[in-house]
Amino acid sequence: MYAPWYNSVMFDLEPYLWSGIAVSTGVFIVMGVIFHHHWSYYGIQGRSRASAEALFIFGGVVLMAAAAGCALSYRLFT
Amino acid sequence: MPPFEAHEHVVYEGRKHWLPLFIGMAVIVTLALLPAFIATGFISAGSFVIDSRGLLGFASLYCSWLLLLWVGGFRLWTDYILDIWIVTDHKLIDIEQRGLFNRHISTLHLEKVQDVTVEVNGILATTMDFGDLIVQSAGTEPEFAIRGIYHPYRMKEALLGACSHLTNGSQAQPEQQKPQAQPLPSSGTTSTLA
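Line by line, the protein sequences give chains A and B. Under my numbering, read the first sequence as residues 11 to 88, first letter to last. Under my numbering, read the second sequence as residues 59 to 252, first letter to last.
Worth flagging that the hints you see were computed from the coordinates, not collected in a lab. Positions of the beta carbon are idealized from the N, C-alpha and C atoms, including for glycine. Some clues are possibly wrong.
[Claimed, not checked] Distance windows between CB atoms, simulated:
# : chain 1 : residue 1 : chain 2 : residue 2 : range
1 : A       : TYR26     : B       : GLU66     : 21 to 31 Å
2 : A       : GLY79     : B       : THR198    : 28 to 38 Å
3 : A       : ARG59     : B       : PRO78     : 33 to 43 Å
4 : A       : GLY79     : B       : VAL68     : 45 to 55 Å
5 : B       : SER222    : A       : ARG59     : 27 to 37 Å
Just chain A, with the same shape it has in the complex:
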């Protein structure tokens, strides 16, 4: 069975890709600020907080870069 809507020639996903990246990056940044405030203000101490912040940023940046890289490749792919 063939699903023509999934054929990239007939259906351009690009606006949805950038919208998805914009929404998820926005959520990541806003929540990152909130987490930083909560973790520091409500007293998650020293190494735990540093590890949590490093892990959060590292994972988020990797996923953002992957999403953007795939979207760019999608755009440039012929």
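Fit chain B to the known structure of chain A by using the hints.
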């Protein structure tokens, strides 16, 4: 920060059991894997014909989805880590984080503690060592309930230990301040009561 006073020492810190956090994380992992499984299933069954460009588009959307779930996982962890019960040598402090912007802090002075009850109900709670700790108090709120705490018996022991330490300390203090009995004069006048 917890409402500590000067010269107040933390005796015990209790947390919620990790089981609700584990279940939440399992849901997030399932949601993360679900699109990949569905897409693989449809493609392998021949329902979709997907070219390389389509695959890149799917990968980009999938990464955005994973980023949202990544944030959701940290939100769950934050909710777990900021729920804490602290027994100090003067107070019992209950800090409950309900969502990101709703924080509830209750404090009970140990002088007001009358009775401490631990309720562990069911096989799961018994085997995984979690339950409820109910403190009867003489304060404005007659009952101070701590739900779903990990190691409730340890918390109870710590609380009762701090209470008895405080009581013994307050009983011992007046004795120390009591003036020592003066020796009676060996000779001289006899005092009379007026």
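For each hint, the structure was consulted:
no.	hint	verdict
1	A:TYR26 to B:GLU66: 21 to 31 Å	violated (55 Å)
2	A:GLY79 to B:THR198: 28 to 38 Å	violated (59 Å)
3	A:ARG59 to B:PRO78: 33 to 43 Å	violated (22 Å)
4	A:GLY79 to B:VAL68: 45 to 55 Å	holds (47 Å)
5	B:SER222 to A:ARG59: 27 to 37 Å	holds (35 Å)
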